[in-house]
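Trainee: Chain by chain, the residues run as shown.
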Amino acid sequence: MTVVTCIACPVGCRMGVETADGAVTAVSGHGCKRGVEYARQEAVCPMRIVTAVVRVRGGMPLSVRTASPIPKKDIFACMSAIEGIVVNKPVTMGQILIEDVCGSGVAVIATKAMNE
Amino acid sequence: MTRADLLIIGAGPAGLAAAIAARQAGVKDLLVLEREEASGGILRQCIHNGFGLHRFKEELTGPEYAQRDIDLAADLGIRIQTNAMALSVTRDKVVSFVSRQEGPRQIECGAIILCTGCRERSRGAIGTPGTRCAGVFSAGTAQKFVNLHGFMPGSQVVILGSGDIGLIMARRMTLQGARVLACVEIMPYSSGLNRNIVQCLNDYDIPLYLSHTVTDIRGTSRLNGITISRVDENRRPVPGTEIDFSCDTLLLSVGLIPENELALGAGLNLSAATGGVLVDDRFETEIDGVFSAGNALHVHDLADDVSEEAARAGRAAADYLLRGGQKRQMLSVMDGRGVLGAVPQKIAVPAEEDVRVRFRVDRVYENAYVCAHAQGAVFPRRKHRILTPGEMAQAVLPKQPLSLAEGDIVISIEGEKER
Ligand SMILES: Cc1cc2nc3c(=O)[nH]c(=O)nc-3n(C[C@H](O)[C@H](O)[C@H](O)COP(=O)(O)OP(=O)(O)OC[C@H]3O[C@@H](n4cnc5c(N)ncnc54)[C@H](O)[C@@H]3O)c2cc1C
Ligand code: SF4
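In order, the protein sequence lines correspond to chains G and C. Here the first sequence stands for residues 206 to 321, where the numbers follow my numbering. Here the second sequence stands for residues 139 to 557, where the numbers follow my numbering.
Note that these hints are calculated values from the structure, not bench results. A couple of the hints might just be wrong.
Said to hold, decoys possible - From the structure, some residues in chain G lie toward chain C, with a derived Cβ separation under 10 angstroms: (1) T210; (2) C211; (3) I212; (4) C214; (5) P215; (6) V216; (7) E247; (8) R253; (9) I254; (10) A257; (11) P266; (12) V269; (13) R270; (14) M284; (15) G299.
To be verified - Using 27 angstroms as the maximum straight-line C-alpha spacing, the simulated BS3-like pairs for lysine-lysine come out as follows: (16) G:K294 to C:K282; (17) C:K521 to C:K195; (18) C:K195 to G:K277; (19) C:K484 to C:K537; (20) G:K238 to C:K195; (21) C:K231 to C:K465; (22) C:K521 to G:K238; (23) C:K537 to C:K465; (24) C:K484 to C:K465; (25) G:K277 to G:K238; (26) G:K277 to C:K282; (27) C:K465 to C:K166; (28) C:K484 to C:K521; (29) C:K231 to C:K166; (30) C:K231 to C:K484.
What the hints assert, rightly or not - Label-pair distances were calculated between CB atoms; the ranges are: (31) C:Q538 to G:V208: 44 to 50 angstroms; (32) C:G405 to G:M298: 41 to 47 angstroms; (33) G:M298 to C:T379: 46 to 52 angstroms; (34) C:D546 to G:A231: 51 to 57 angstroms; (35) C:M472 to G:G236: 30 to 36 angstroms; (36) C:R360 to G:G299: 37 to 43 angstroms; (37) G:G299 to C:M223: 27 to 33 angstroms; (38) C:A212 to G:S285: 33 to 39 angstroms; (39) G:G234 to C:Q532: 24 to 30 angstroms; (40) C:P326 to G:S285: 34 to 40 angstroms.
Since we're looking at a predicted model, the values are computed, not measured. Just so it is clear, CB atoms sit at the ideal spot from N, CA and C, and this is done for glycine as well.
When you get a sec, could you build the whole thing from the sequences and use the hints?
Mentor: This is the structure we're talking about:
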């Protein structure tokens with residue numbers, strides 16, 4: 206059984222999730238329906254948005270994020286990829302800096318603009 | 139001396155939302171002063187996601203949230219002067235400021251909105267013991283170093299305080315290669331969001347020590363270790379419960395204090411409960427035509443709430459400028475059982491619209507009701523599965539019963555089951 210704390214509201218129910226062959230068979234301890242949905246995802250493949258900064262040639266660091274959540278297990282690989290790049294100015298907000306970060310199919314994008 | 143109809147001090151989410159709302163309500167001559175080199179306030183360094191869920195129904199990072207308002211302000215032709223720090227505000231609404239481009243200046247204003255945000259409580263303010271070595275930082279200062287300057291303040295880290303800033307920095311330092319050994323909280327519960335406990339501590343196996351505090355700080359030039367101890371119900375350390383950590387960095391996330399030097403200089407009184415000035419339902423202070431909003435008024439958890447509240451202040455300032463101030467009859471809003479720092483502290487009757495009163499609860503309540511009582515009026519009460527000190531609570535007072543109220547309005551928490 207995996208224990209998952211629900212983050213959907215401040216109650217923070219601690220739920221038990223039973224799995225068999227990677228599929229959820231039972232969820233317990235949830236205070237409402239919303240928790241069940243969250244627990245199913247969280248027990249099988251927890252996903253997170255990763256935010257960080259990248260180096261900029263001749264400038265202050267630039268804040269970035271993954272365009273959508275990536276598997277939690279890939280967070281540190283994603284951080285290494287982000288640390289490995291140096292970007293040139295100018296940068297626009299939302300600009301793609303890494304197309305597909307560590308095979309997740311998700312891009313890393315700039316969260317602010319930086320002028321020349 | 140120059141003149142402006144409306145002057146807004148601070149270009150964080152509060153100042154930006156107030157400026158946008160005032161301009162949309164018809165104020166043409168409007169200036170925003172910001173002491174930093176760019177607009178956006180504290181959001182510039184909050185590179186994590188979790189902003190805008192209420193307001194934009196999407197999850198943005200701090201810089202992205204701020205940029206939406208900065209862009210809208212630019213579209214509306216709002217003048218924001220950066221590198222310009224307000225030094226004083228007088229009762230007759232003369233503001234002195236100093237700017238890098240023009241040196242000292244004075245400006246006479248029709249109305250002023252104070253949106254100066256808050257600052258962090260320091261080591262001195264909480265009286266931690268031990269030597270005065272380097273390596274002790276406030277969490278927000280560390281956040282600024284790491285996110286804006288790309289500089290790591292240390293590699294072996296303990297965090298004191300489990301508020302959101304401390305939690306966010308625990309994750310940030312970990313991702314950036316530091317080892318975060320512990321997050322230490324004096325209270326028996328965390329004041330941070332569940333979401334941050336799960337995603338900032340649990341995800342990285344960082345232990346959270348509840349009912350613990352730092353009892354020794356060691357090091358000559360640089361910090362080399364700390365001791366934590368469990369505390370009893372009176373928050374006094376229990377001998378024999380010491381745990382030592384060797385670390386080079388201690389981050390303090392021990393609370394925020396509204397920034398109100400300007401307000402004090404103008405002769406405004408501060409609320410002991412919020413640390414902000416006293417306002418009415420239009421966010422007008424005790425001085426006609428001077429308004430306050432955002433974290434300078436009371437510390438918020440969500441930028442979304444700050445924007446909503448500041449937009450109201452902006453509309454009220456516009457109304458004051460365009461229609462002139464009106465004398466209105468005021469009722470006081472009082473903190474009842476379980477309620478701390480209800481804002482606004484005064485409500486005008488008859489009410490023009492529904493009034494939202496925001497406050498914090500003094501401890502965790504389960505299945506409790508948020509109630510409002512006043513002579514002559516019956517307010518609807520609202521049930522909450524949970525109320526925690528870490529999340530700002532609210533009571534919405536509908537216009538209709540409000541107009542019948544006579545005397546003080548008391549906000550309280552009732553019918554709970556204690557956790
Ligand atoms: C670390 C951290 C994490 C957070 N995480 C979240 C989150 O995940 N989600 C969320 O919704 N909210 C979050 N918040 C809360 C949110 O960011 C704040 O509530 C919001 O930024 C407050 O806005 P403000 O405009 O009142 O203050 P600020 O953003 O602090 O802006 C105040 C501005 O006033 C300027 N100023 C002050 N004094 C003067 C002066 N004398 N002259 C000129 N300018 C002056 C300052 O330079 C600053 O730019 C977080 C806050 C912090 C600190
Ligand atoms: S399961 Fe429901 S009640 Fe429990 S924390 Fe999640 S959303 Fe809240």
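Trainee: Now, for every hint given, state plainly whether the structure supports it.
Mentor: Tested hints:
| no. | hint | result |
| --- | --- | --- |
| 1 | T210 | holds (5 angstroms) |
| 2 | C211 | holds (8 angstroms) |
| 3 | I212 | holds (4 angstroms) |
| 4 | C214 | holds (7 angstroms) |
| 5 | P215 | holds (5 angstroms) |
| 6 | V216 | holds (5 angstroms) |
| 7 | E247 | holds (9 angstroms) |
| 8 | R253 | holds (7 angstroms) |
| 9 | I254 | holds (5 angstroms) |
| 10 | A257 | holds (6 angstroms) |
| 11 | P266 | holds (4 angstroms) |
| 12 | V269 | holds (8 angstroms) |
| 13 | R270 | holds (6 angstroms) |
| 14 | M284 | holds (5 angstroms) |
| 15 | G299 | holds (8 angstroms) |
| 16 | G:K294 to C:K282 | holds (21 angstroms) |
| 17 | C:K521 to C:K195 | holds (25 angstroms) |
| 18 | C:K195 to G:K277 | holds (23 angstroms) |
| 19 | C:K484 to C:K537 | holds (14 angstroms) |
| 20 | G:K238 to C:K195 | holds (21 angstroms) |
| 21 | C:K231 to C:K465 | holds (19 angstroms) |
| 22 | C:K521 to G:K238 | holds (19 angstroms) |
| 23 | C:K537 to C:K465 | holds (19 angstroms) |
| 24 | C:K484 to C:K465 | holds (13 angstroms) |
| 25 | G:K277 to G:K238 | holds (24 angstroms) |
| 26 | G:K277 to C:K282 | holds (26 angstroms) |
| 27 | C:K465 to C:K166 | holds (25 angstroms) |
| 28 | C:K484 to C:K521 | holds (24 angstroms) |
| 29 | C:K231 to C:K166 | holds (18 angstroms) |
| 30 | C:K231 to C:K484 | holds (22 angstroms) |
| 31 | C:Q538 to G:V208: 44 to 50 angstroms | holds (47 angstroms) |
| 32 | C:G405 to G:M298: 41 to 47 angstroms | holds (42 angstroms) |
| 33 | G:M298 to C:T379: 46 to 52 angstroms | holds (49 angstroms) |
| 34 | C:D546 to G:A231: 51 to 57 angstroms | holds (52 angstroms) |
| 35 | C:M472 to G:G236: 30 to 36 angstroms | holds (33 angstroms) |
| 36 | C:R360 to G:G299: 37 to 43 angstroms | holds (41 angstroms) |
| 37 | G:G299 to C:M223: 27 to 33 angstroms | holds (32 angstroms) |
| 38 | C:A212 to G:S285: 33 to 39 angstroms | holds (37 angstroms) |
| 39 | G:G234 to C:Q532: 24 to 30 angstroms | holds (29 angstroms) |
| 40 | C:P326 to G:S285: 34 to 40 angstroms | holds (38 angstroms) |
The structure fails none of the hints (numbered hints given earlier).
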